[in-house]
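Trainee: Next come the chains, spelled out residue by residue.
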Amino acid sequence: MFLRSMRTAVGTALVVALAAGCGGVGSSGSKSGSSGQATLTMMGFGTGDEIAKTRFDAANAAIAPNAARASEGSFNAQQFLSAVASNTPPDLVYMERRLLGTYAAKNAIKPLADCVEREKIDMGQFRPAAVAEATLNGKLYGLPEFYNNRVVMINDAAFADAGLDPAAFSTADWRRLSAAATRLTSIDGGKLRRIGFDPKLPEFLPLWARANGAALVSDDGRTARLNDPRVVQALEFTVGLIKAQGGWASFKSFRDSFDFFGAKNQFAADQLGAFPMEDFYLNVLAENSPKVELTVTPFRGVDGRPVDWITGNAWAIPAKSPHPDLACKWIKTMTDSATWIAAAKARAAARKSEGKPFTGVFTGNSRADEVIFKDVVQPSGNPAFDAAVRTVLQTQEAGVAEPLTAAGEEFKAAWQDAVNRVLDGKQQPAQALAQAQQQAQAALDQANRGS
Amino acid sequence: MTTTRRREALAAYGFLSPWIIGFLVFMAGPMVASLVLSLTDYDVLTSTQFVGADNYRELFADDRVRRSLANTLIYTVLHVPLTMAVALGLAMLLARAGRRSAGFFRTVFYLPTVTPKVAVGVLFLLLFNGQAGLVNETLARVGIDGPDWTVDGAWIKPGLVLMSAWSLGSTVIIYLAALQNVPRDLHEAAEMDGASPWARFRAVTVPMISGALFFTLIINTISSLQTFDEVYTAFYGSANQQTYGNDAALFYVVYLFQQAFQFLHMGYASALAWLLFLIIVAITLVQVRLSRRFVYYESE
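Protein chains in written order, with the numbering used here: chain A, -13 to 437; chain B, 429 to 728.
Worth flagging that the hints you see were computed from the coordinates, not collected in a lab.
Everything numeric in this text was worked out from a predicted model, so none of it was measured.
Just so it is clear, CB atoms sit at the ideal spot from N, CA and C, and this is done for glycine as well.
A couple of the hints might just be wrong.
Restricting the straight-line Cα-Cα distance to at most 20 Å, the calculated cross-link-like pairs of lysine to aspartate or glutamate (DMTMM-like) are [stated by the list, open to error]:
| no. | chain 1 | residue 1 | chain 2 | residue 2 |
| --- | --- | --- | --- | --- |
| 1 | A | K412 | B | D491 |
| 2 | A | K412 | B | D490 |
| 3 | B | K585 | A | E383 |
| 4 | A | K360 | A | E395 |
| 5 | A | K177 | B | D491 |
| 6 | A | K412 | B | D675 |
| 7 | A | K250 | A | D142 |
| 8 | A | K315 | A | D147 |
| 9 | A | K229 | A | E279 |
| 10 | A | K338 | A | D311 |
Using C-beta positions, here's what the derived DEER-type ranges look like [said to hold, decoys possible]:
| no. | chain 1 | residue 1 | chain 2 | residue 2 | range |
| --- | --- | --- | --- | --- | --- |
| 11 | A | R55 | B | F443 | 40 to 46 Å |
| 12 | A | R55 | B | Y441 | 42 to 48 Å |
| 13 | B | G450 | A | F266 | 44 to 50 Å |
| 14 | A | Q417 | B | F533 | 50 to 56 Å |
| 15 | A | N73 | B | S719 | 45 to 51 Å |
| 16 | A | K338 | B | F533 | 51 to 57 Å |
| 17 | B | A568 | A | R162 | 33 to 39 Å |
| 18 | A | D256 | B | V709 | 55 to 61 Å |
| 19 | A | Q417 | B | N609 | 36 to 42 Å |
| 20 | A | F247 | B | R494 | 35 to 41 Å |
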């Protein structure tokens, strides 16, 4: 009697446990309901602001009566790999363009040639640099979204304090740049009070390399160029700038103490002279400290010409996406110029209601940008921000992307670790970059094996 | 075996079965899979290739394995004794406090333990910032010029060790329970024999709570060797935070995670996981062996 009861209890527990386990695995992924309508799943995209929400609604309308469900949170490689490994991939993924190469090389995402042809997507609307950043071995793997430009942002108050003219400031002449950085730097009682010029190491090394006429990797993304003497020279110069401003530890600690996204940001608090930065930061400043005195100039190479290292996100379709056709239609709408314009109008209206300036949306879609900056972005009443927007628009014509590689993360880790070793005083630039070159090339070779 | 004993045994296994099934499916199964994967070149997305012991050979030649292992061991050697000593001190204070205040402080000490490790990582960056952190501002008030805890390679691990004191509440609770079980008559007898407070602590308290001390030594050592969340959040969680790095914060599990999920070297990461498992087993065995000389069990 007792044994029979036990058998029943254990059997029931097993069934419940297995059912619970199966429920957990099978509940993810896209579904097609009894009505035949599909719900697209995605990873990496949230509808946190009016730009995202407006476009998300437009894309959903385009695939009605089907619909997509936003995932919130940024792209998570662990989550994506788990989904692919368990055969429940999402219909869509939204990730940094530089990451596409890794997944493309392993056939985890689909080439979009068929999608482009079937949906008659006008590739001419996209900026070539953004498309290049989503292309590996001649195949397009993602439709580009934002177009993050890098320009130099100058704190006019700090320049006035140092007796420098923001209009005359340029990154082209490194000797003069170094002198200006020293003049702008403020150290009081051994403590850094203002960083004169932040070269944004290690993350902006590609920009400095471009400024010095070099690239970190060959155009086909297969050969590392980290030990190029011009890259070494760029690293020597930028690390030298930091050493002259108190050294890495105090420089970094001070930089980390900035209220970067707040009202007491480094411009408002006069803690920074100038730095190269992505254009999105104009919106941050306009939002939080609209009265800040700011000058924006192009980042210039040693030849005096503007250099704009661009990055951004892209939409891709996993190789085993349950609804690739719908996913294609969806991402076509998300990246279309009409959708971007509608989103920009929504943002402009939101900003107007808050009484704050709207500094535009810089997209990978040049046709959208034409309309946005002609019809939607209005003079804000703040000449500094209006001039800044014009500068970004001019600069982005010089936009260039780092070529996509089949080992995106490893390649980046190799050069970033090298810069960190130099900043930490463990190695000299040439030695660190030689080591990084070996590591990066080994990673590229392994990732490109068989392709 | 009598019928009753057999019934009892079956009942015991019946009640244990959910755990046993869970262990087999969610622990033993993945462990075996991981052992097999450690002998392959595996990236989840493409077909698996058997590479024999290549991953193990590679990890013994990998500088960053040595570096991450050294970082983790240094952290463990600093963290475990500090946590145990501070927790024991706090537990002894609590044991002496009145019932009402002991309850209050027990809650106060335990609450930080439930703080997510990710939040602890962010908190570390705020508190220990060399320029504007509360720790250095406090040190400055007593005339000490604090270091750059979050950037200076020499100070990153000591900073993390100090920060780890944030979550010693559970160890305090274990020690408090052990201290409350020390027979009062032993202390009274020692006191009558003229033993000083230190002598009573050394000869009565420590032996009587040695089981709890040993348990927390094992648990804290294992969790220290597996430290991940707070370090990853503070130093590797975003592109911007990776600039802190300098490898001083490259803990073993962080490196394992990088290899697995950033670089997609799952086979290599599995080999790293097995090396850590063997290290933990070895350290635990040494601790168990040594404990025979120091740990007193009432049942013995």
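Trainee: Now tell me if each hint is right for this structure.
Mentor: Tested hints:
1. K412(A) to D491(B): holds (14 Å)
2. K412(A) to D490(B): holds (18 Å)
3. K585(B) to E383(A): violated (46 Å)
4. K360(A) to E395(A): Answer violated: K360(A) to E395(A) is near 38 Å, above 20 Å.
5. K177(A) to D491(B): violated (35 Å)
6. K412(A) to D675(B): It holds: about 11 Å lies between the C-alpha atoms, which stays within 20 Å.
7. K250(A) to D142(A): holds (16 Å)
8. K315(A) to D147(A): violated (54 Å)
9. K229(A) to E279(A): violated (28 Å)
10. K338(A) to D311(A): violated (38 Å)
11. R55(A) to F443(B): 40 to 46 Å: holds (41 Å)
12. R55(A) to Y441(B): 42 to 48 Å: Taking Cβ atoms as reference, R55(A) and Y441(B) lie about 44 Å apart, which means the hint holds.
13. G450(B) to F266(A): 44 to 50 Å: holds (46 Å)
14. Q417(A) to F533(B): 50 to 56 Å: Between Q417(A) and F533(B), where Cβ atoms are some 54 Å apart, the hint holds.
15. N73(A) to S719(B): 45 to 51 Å: At roughly 47 Å between Cβ atoms, S719(B) and N73(A) fall inside 45 to 51 Å, so the hint holds.
16. K338(A) to F533(B): 51 to 57 Å: holds (54 Å)
17. A568(B) to R162(A): 33 to 39 Å: Because 37 Å falls inside the window, the suggested range holds.
18. D256(A) to V709(B): 55 to 61 Å: The hint (55 to 61 Å, Cβ to Cβ) holds, given that D256(A) and V709(B) are roughly 56 Å apart.
19. Q417(A) to N609(B): 36 to 42 Å: violated (59 Å)
20. F247(A) to R494(B): 35 to 41 Å: Since F247(A) and R494(B) have Cβ atoms about 38 Å apart, the given range 35 to 41 Å holds.
When the structure is compared with the earlier hints, violations turn up for hints 3, 4, 5, 8, 9, 10 and 19 and for no others.
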